[in-house]
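Student: Each chain is listed here by its residues.
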Amino acid sequence: IAGITQAPTSQILAAGRRMTLRCTQDMRHNAMYWYRQDLGLGLRLIHYSNTAGTTGKGEVPDGYSVSRANTDDFPLTLASAVPSQTSVYFCASRDREADTQYFGPGTRLTVL
Amino acid sequence: AQSVTQLGSHVSVSEGALVLLRCNYSSSVPPYLFWYVQYPNQGLQLLLKYTSAATLVKGINGFEAEFKKSETSFHLTKPSAHMSDAAEYFCAAILTGGGNKLTFGTGTQLKVEL
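Chains as they are written, first to last, in our numbering: chain P, 1 to 112; chain Y, 1 to 114.
The hints are simulated quantities; they were obtained by calculation from the structure and are not laboratory data.
You may find that some hints are simply not true.
[To be verified] Non-contacting residues of chain P with respect to chain Y, defined by C-beta distances greater than 12 Å in every case (computed):
1. 10
2. 14
3. 15
4. 19
5. 52
6. 63
7. 64
8. 73
9. 75
10. 78
11. 82
[Said to hold, decoys possible] Some chain Y residues close to chain P (C-beta under 10 Å, calculated; not the full set):
12. 2
13. 6
14. 8
15. 34
16. 38
17. 41
18. 43
19. 46
20. 68
21. 72
22. 94
23. 100
24. 102
25. 104
26. 106
[As the list claims (entries may be wrong)] Beta-carbon label-pair distances, calculated as ranges:
27. Y:114 / P:18: 46 to 52 Å
28. Y:1 / P:73: 29 to 35 Å
29. P:80 / Y:12: 37 to 43 Å
Positions of the beta carbon are idealized from the N, C-alpha and C atoms, including for glycine.
This is chain P alone, in the form it adopts within the complex (with noise of 0.2 Å):
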């Protein structure tokens, strides 16, 4: 593979359940993050992690968990999932002598 892969492409779950979006890329970049898309709102940082072992809140962090266990994979939890959180879930990761983000295809989460 070469690039950002994302898992499951779509999803629909009802609420109350555990759902974890995978998200593995194979660039060996440090940094990685997880946003998620809504009409009209852009794009909105989730959490985020510098470097394997370490994580950070974004601006909408709450209901969201994630880990960073290893540089390549960047696992996003939610615990008890909720209709607001239906979206599409976009992971990225940045190449930093690039100064530049790439993402992965996304995952089309629907809760309801």
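Here the structure of chain P is known, so what remains is to put chain Y in place on it, guided by the hints.
Tutor: Just chain Y, lined up with the frame of chain P:
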């Protein structure tokens, strides 16, 4: 508060016409600026970026953007629109004090008509 503003959530142009998508930033220090494009059901793809070198930046697919400090703007242009340019375009910035995190505008949907 520092922010990125895109004027016009929807822009419609005729094929062959000039494309102009507007982006303004609010920051005391000129930030790094980016334009991303998103085609339907896909992720974001980098079009071009400004990182304090040349103020006129050329990107992929014939797009370019000019950084104007006096106007705090970074508008995206293309001389002649093509049907394949129809997509959503996002302006983003690394703002002062934001670490390396991107702040996005709300996006502009570009429609290209025959």
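Student: Decide, hint by hint, whether the structure agrees.
Tutor: These are the hints, each one checked on the structure:
1. 10: Nearest chain Y Cβ is 10 Å from residue 10 of chain P, so the label is violated.
2. 14: holds (24 Å)
3. 15: holds (25 Å)
4. 19: Check passes; 20 Å lies beyond 12 Å.
5. 52: Non-interface label on residue 52 of chain P holds, nearest chain Y Cβ at 16 Å vs cutoff 12 Å.
6. 63: Holds, because the least Cβ-Cβ distance between residue 63 of chain P and chain Y comes to about 19 Å, which exceeds 12 Å.
7. 64: holds (16 Å)
8. 73: Answer for residue 73 of chain P: holds, closest chain Y Cβ roughly 18 Å.
9. 75: Residue 75 of chain P clear of chain Y: closest Cβ-Cβ about 18 Å, beyond 12 Å.
10. 78: holds (20 Å)
11. 82: holds (23 Å)
12. 2: Residue 2 of chain Y check fails; min Cβ-Cβ to chain P is 12 Å, beyond 10 Å.
13. 6: holds (8 Å)
14. 8: At about 13 Å, which exceeds the 10 Å cut-off, the nearest Cβ of chain P leaves the hint on residue 8 of chain Y violated.
15. 34: holds (7 Å)
16. 38: holds (8 Å)
17. 41: At about 8 Å, which falls below the 10 Å cut-off, the nearest Cβ of chain P leaves the hint on residue 41 of chain Y intact, so it holds.
18. 43: Holds, about 4 Å.
19. 46: For residue 46 of chain Y, the interface hint holds, since the closest Cβ of chain P sits about 6 Å away, which is under 10 Å.
20. 68: violated (21 Å)
21. 72: violated (18 Å)
22. 94: holds (8 Å)
23. 100: With Cβ-Cβ at 6 Å, under 10 Å, it holds.
24. 102: At 6 Å from the nearest chain P Cβ, residue 102 of chain Y passes the 10 Å test, so the hint holds.
25. 104: holds (4 Å)
26. 106: holds (4 Å)
27. Y:114 / P:18: 46 to 52 Å: holds (48 Å)
28. Y:1 / P:73: 29 to 35 Å: holds (33 Å)
29. P:80 / Y:12: 37 to 43 Å: holds (42 Å)
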